[in-house]
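Using the sequences provided together with the hints, build the complete structure.
There are 2 protein chains.
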Amino acid sequence: MNMLGMFCVRACSGLLGLRTATPLRFLHSFSGITVAQIDEEVAKLLELKAQLGNDGKHQFVLKTAKGTRDYNPKQMAIREKVFNTIINCFKRHGAETIDTPVFELKETLTGKYGEDSKLIYDLKDQGGELLSLRYDLTVPFARYLAMNKITNIKRYHIAKVYRRDNPAMTRGRYREFYQCDFDIAGQYDAMIPDAECLKIVHEILSELNLGEFCIKVNDRRILDGMFAVCGVPDDKFRTICSTVDKLDKVSWEDVKKEMVNEKGLSEEVADQIGEYVSMQGGMDLAERLLQDQKMSQSKQACAGLQDIRLLFSYLHLFQVTDKVVFDLSLARGLDYYTGIIYEAVLTQAGVATVSTEAQNGPPEEESVSVGSVAGGGRYDGLVGMFDPKGRKVPCVGVSIGIERIFSIMEQKAEASAEKVRTTEVQVMVASAQKNLLEERLKLVTELWNAGIKAEVMYKKNPKLLSQLQHCEESGIPLVAILGEQELKDGVVKLRVVATREEVDVSRADLIGEIRKRTSEA
Amino acid sequence: MNMLGMFCVRACSGLLGLRTATPLRFLHSFSGITVAQIDEEVAKLLELKAQLGNDGKHQFVLKTAKGTRDYNPKQMAIREKVFNTIINCFKRHGAETIDTPVFELKETLTGKYGEDSKLIYDLKDQGGELLSLRYDLTVPFARYLAMNKITNIKRYHIAKVYRRDNPAMTRGRYREFYQCDFDIAGQYDAMIPDAECLKIVHEILSELNLGEFCIKVNDRRILDGMFAVCGVPDDKFRTICSTVDKLDKVSWEDVKKEMVNEKGLSEEVADQIGEYVSMQGGMDLAERLLQDQKMSQSKQACAGLQDIRLLFSYLHLFQVTDKVVFDLSLARGLDYYTGIIYEAVLTQAGVATVSTEAQNGPPEEESVSVGSVAGGGRYDGLVGMFDPKGRKVPCVGVSIGIERIFSIMEQKAEASAEKVRTTEVQVMVASAQKNLLEERLKLVTELWNAGIKAEVMYKKNPKLLSQLQHCEESGIPLVAILGEQELKDGVVKLRVVATREEVDVSRADLIGEIRKRTSEA
Numbered sequence: 000m001n002m003l004g005m006f007c008v009r010a011c012s013g014l015l016g017l018r019t020a021t022p023l024r025f026l027h028s029f030s031g032i033t034v035a036q037i038d039e040e041v042a043k044l045l046e047l048k049a050q051l052g053n054d055g056k057h058q059f060v061l062k063t064a065k066g067t068r069d070y071n072p073k074q075m076a077i078r079e080k081v082f083n084t085i086i087n088c089f090k091r092h093g094a095e096t097i098d099t100p101v102f103e104l105k106e107t108l109t110g111k112y113g114e115d116s117k118l119i120y121d122l123k124d125q126g127g128e129l130l131s132l133r134y135d136l137t138v139p140f141a142r143y144l145a146m147n148k149i150t151n152i153k154r155y156h157i158a159k160v161y162r163r164d165n166p167a168m169t170r171g172r173y174r175e176f177y178q179c180d181f182d183i184a185g186q187y188d189a190m191i192p193d194a195e196c197l198k199i200v201h202e203i204l205s206e207l208n209l210g211e212f213c214i215k216v217n218d219r220r221i222l223d224g225m226f227a228v229c230g231v232p233d234d235k236f237r238t239i240c241s242t243v244d245k246l247d248k249v250s251w252e253d254v255k256k257e258m259v260n261e262k263g264l265s266e267e268v269a270d271q272i273g274e275y276v277s278m279q280g281g282m283d284l285a286e287r288l289l290q291d292q293k294m295s296q297s298k299q300a301c302a303g304l305q306d307i308r309l310l311f312s313y314l315h316l317f318q319v320t321d322k323v324v325f326d327l328s329l330a331r332g333l334d335y336y337t338g339i340i341y342e343a344v345l346t347q348a349g350v351a352t353v354s355t356e357a358q359n360g361p362p363e364e365e366s367v368s369v370g371s372v373a374g375g376g377r378y379d380g381l382v383g384m385f386d387p388k389g390r391k392v393p394c395v396g397v398s399i400g401i402e403r404i405f406s407i408m409e410q411k412a413e414a415s416a417e418k419v420r421t422t423e424v425q426v427m428v429a430s431a432q433k434n435l436l437e438e439r440l441k442l443v444t445e446l447w448n449a450g451i452k453a454e455v456m457y458k459k460n461p462k463l464l465s466q467l468q469h470c471e472e473s474g475i476p477l478v479a480i481l482g483e484q485e486l487k488d489g490v491v492k493l494r495v496v497a498t499r500e501e502v503d504v505s506r507a508d509l510i511g512e513i514r515k516r517t518s519e520a
Numbered sequence: 000m001n002m003l004g005m006f007c008v009r010a011c012s013g014l015l016g017l018r019t020a021t022p023l024r025f026l027h028s029f030s031g032i033t034v035a036q037i038d039e040e041v042a043k044l045l046e047l048k049a050q051l052g053n054d055g056k057h058q059f060v061l062k063t064a065k066g067t068r069d070y071n072p073k074q075m076a077i078r079e080k081v082f083n084t085i086i087n088c089f090k091r092h093g094a095e096t097i098d099t100p101v102f103e104l105k106e107t108l109t110g111k112y113g114e115d116s117k118l119i120y121d122l123k124d125q126g127g128e129l130l131s132l133r134y135d136l137t138v139p140f141a142r143y144l145a146m147n148k149i150t151n152i153k154r155y156h157i158a159k160v161y162r163r164d165n166p167a168m169t170r171g172r173y174r175e176f177y178q179c180d181f182d183i184a185g186q187y188d189a190m191i192p193d194a195e196c197l198k199i200v201h202e203i204l205s206e207l208n209l210g211e212f213c214i215k216v217n218d219r220r221i222l223d224g225m226f227a228v229c230g231v232p233d234d235k236f237r238t239i240c241s242t243v244d245k246l247d248k249v250s251w252e253d254v255k256k257e258m259v260n261e262k263g264l265s266e267e268v269a270d271q272i273g274e275y276v277s278m279q280g281g282m283d284l285a286e287r288l289l290q291d292q293k294m295s296q297s298k299q300a301c302a303g304l305q306d307i308r309l310l311f312s313y314l315h316l317f318q319v320t321d322k323v324v325f326d327l328s329l330a331r332g333l334d335y336y337t338g339i340i341y342e343a344v345l346t347q348a349g350v351a352t353v354s355t356e357a358q359n360g361p362p363e364e365e366s367v368s369v370g371s372v373a374g375g376g377r378y379d380g381l382v383g384m385f386d387p388k389g390r391k392v393p394c395v396g397v398s399i400g401i402e403r404i405f406s407i408m409e410q411k412a413e414a415s416a417e418k419v420r421t422t423e424v425q426v427m428v429a430s431a432q433k434n435l436l437e438e439r440l441k442l443v444t445e446l447w448n449a450g451i452k453a454e455v456m457y458k459k460n461p462k463l464l465s466q467l468q469h470c471e472e473s474g475i476p477l478v479a480i481l482g483e484q485e486l487k488d489g490v491v492k493l494r495v496v497a498t499r500e501e502v503d504v505s506r507a508d509l510i511g512e513i514r515k516r517t518s519e520a
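Top line first, the protein sequences correspond to chains V and A. Mapping the first sequence onto numbering that gives the first Met the number 0, position 491 (from 1) lands on 490, and the numbers just tick up by one. Mapping the second sequence onto numbering that gives the first Met the number 0, position 100 (from 1) lands on 99, and the numbers just tick up by one.
Everything hinted at is true.
Pairs involving identical chains hold if they fit within one copy or between any two copies, as the list cannot separate such chains.
List time: in silico BS3-like cross-link candidates among lysine-lysine, alpha-carbon distance up to 25 Å:
(1) Lys-515 x Lys-418
(2) Lys-458 x Lys-148
(3) Lys-148 x Lys-65
(4) Lys-148 x Lys-418
(5) Lys-62 x Lys-388
(6) Lys-159 x Lys-90
(7) Lys-73 x Lys-159
(8) Lys-459 x Lys-90
(9) Lys-73 x Lys-148
(10) Lys-452 x Lys-515
(11) Lys-487 x Lys-458
(12) Lys-159 x Lys-65
(13) Lys-452 x Lys-322
(14) Lys-322 x Lys-90
Don't read these hints as lab results, they were simulated from the structure.
Here you go:
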């Protein structure tokens, strides 16, 4: 075999996952070889390694995938509590719920996230369709509406989404994380559903007791109008918008520098933007800007300002204006917003620490900003992107930043003296003497059948002490103790774990007594 | 450029996703080219196609990925009800809950599912780790225990799992589906946790009202002992076991044929197995087999039979022996079971129809068998596979076949006259006259703030009829109607949708009145 033949064999064996170093070197000498090419080669080698690595026993790396985590029972107990509060609020506002698959056809997600599309997880092609893990819940929602020709719905959806971002897990940023969305789709009178979304954010953040918060409101049309009247060229609206979006993380000086040095605005234009984006207020500010000589030149801006004014009138009726601020610096990164946008931020000291820490990271557009615990806006064009005839379904929605909220609640639980219970067991069926397993099983069956949450130790002859210890550890409030004497007398000794008080209760009264004593719990 | 050089260029351009037909043809002439190779080429072309296809607008295929589905609000309402019943039962038995990521390191799943590993979804290598979607919840649970060195836990986990199976969606078989697992890990006295798992299945199936059911029980050690005493060679235990597993779908004649013709057993050996696997009973059968001349020769079988006897004594105390049958034909496919195994089957007529239909499909080992709605068993070796020192954590668990249960509940709801409500709204705030939006918003705010589930139409001047229609359609029981007169009188007209009864209620009493009237709902 000559040298060229030899190469050909190697090139093809490479395709079969058996490539050695030689052809890799050859590829380098070829023009047009890309980083992606190399990645592919690496992938093959890793695959090969994975196959070889599993011959030995216990060679596993015991870990979860990068950027993901398990939830332990304590975390789950906190998560359940937070979800319940949020779901109750969504239900109070009449929302239904839907669910969509964790992966979508790749093309469903294509062209929806701009730059961030690179963060989408793709599934390996194993024959059949090209699939990607969902990146948010909004695009699958729009796909669902278009596919089922739904023009009216108020729904919530709580599920995990996936982003191949650089995880910053200490700051509560993961590659797998929950989103918690509430959206109202349908052709309605202006600002009524929009105002309800803000009412919902207000209710949830108040009920969760996360401390002081503030909901910033702006409108894409005001931003665009402002850019126009300040003299930003049309084709730079989006990029300047994303620079403005950094204002919650970096100073105006740095933002201005980026506008001038990187994005090519003149100092004068930048300064004019700077004047507007420093403005904050309420309905009064909207009124004032409607009279503003420059701003009022933009039809778009005026439409936005009038809607802000109307929004505040509804927010007033909803009794939430105390926390809402019209803030011209609020930009939000996602492309699909078309009208009102908003973001809720925690403003208490405890959260500010996190904010400082995060300044070291690279500024990122799409991620919820520092301190942000909810965000959303109006997106009237997204469903139309999926409809074969381009029929639009106006939508407005809000996403609760549940992972940040989990983190805060966990820290709170950690700091609190009160123990987080991970089960709801009301009573432990125990015995003080040996050979009473059968009697314990009989009694626990009675309790289960009556709907009482009860446990029994899976030992023939457990020590009373270890049974009591288990109650202390897992916060079980009552112990039903059986002994020869109790069996003879037809009673059970009911012990209150916290006070060590013990009282004999007849078998007939036991269920009622347990219910009575645990009804507040 | 000579021909060989030409080929080299093409071979490498192929690697870059630009391969034309020519090199493909060439590859065929090469020995060692596999189907996988071709799949890879196809994948590249599809990828290219996907990239090109997205230039045109509205070229989307509006669908979910093969084998997956959306859940609409009605399905979600049913799903929520079923989950609540199941979770309540798990909690009644003192279970905690955990959650694990939707994907695991590929190597975590490798070597756990035998033949079925081909059904695992892999993620595309985008640089970094090789990842796969979870195939069940048991292997991630074992990984979690080993990783966190947990030796004692009673946990449930309800989450979606992924299998690239041929979907049979009409029969409720999907590629994305829920599993609903309850497991007890820890070193305990024999058969106590095992019996509790069966008690749980009994409680759940009874509460869900799915009709008559039966829980079959067997033990891997009895199966292995039986094979041994019947003269099956050691290395054929697993394959014969999977043939026995088909007995719930095909006749004994067909099973015997497979044993003799395909798996090479003698007629005599097969007939002896046939005798045993036709046996069904309770504790009495275990007693009889312990006396059986042949069976009693196997230590393994005796250990299994003694445990079955003990199990039945506990099941008797748990009051569930009415539904449990010791059935020597129950085999269950999964490799990791080491002791007791069980499976719950619906036995009523309605389900039998589905069962006939399913006989046309290919027999599959790992899927829950026809009519099966729960299954599980003891797996004492799985956690040790993950532990660096091989330390074992004995486990027993059960998985509720929730997708089948959803299907049945949906059919029931479809057949029933009663409408499934998809929201829990108690009252609609409506107006009979124009220009009362502000008053409606004020009132609905009062209700929300008091925790009442309430809705208002997002129109300035909705027609009373359309407001009432919305109530009828979504099952809202009450309407709070505002008019000029009501506002003057300081009352609200409360209308009962079902009876059309109307009553004036003072504003101060409204919340109490709504609570009273909806407290049973």
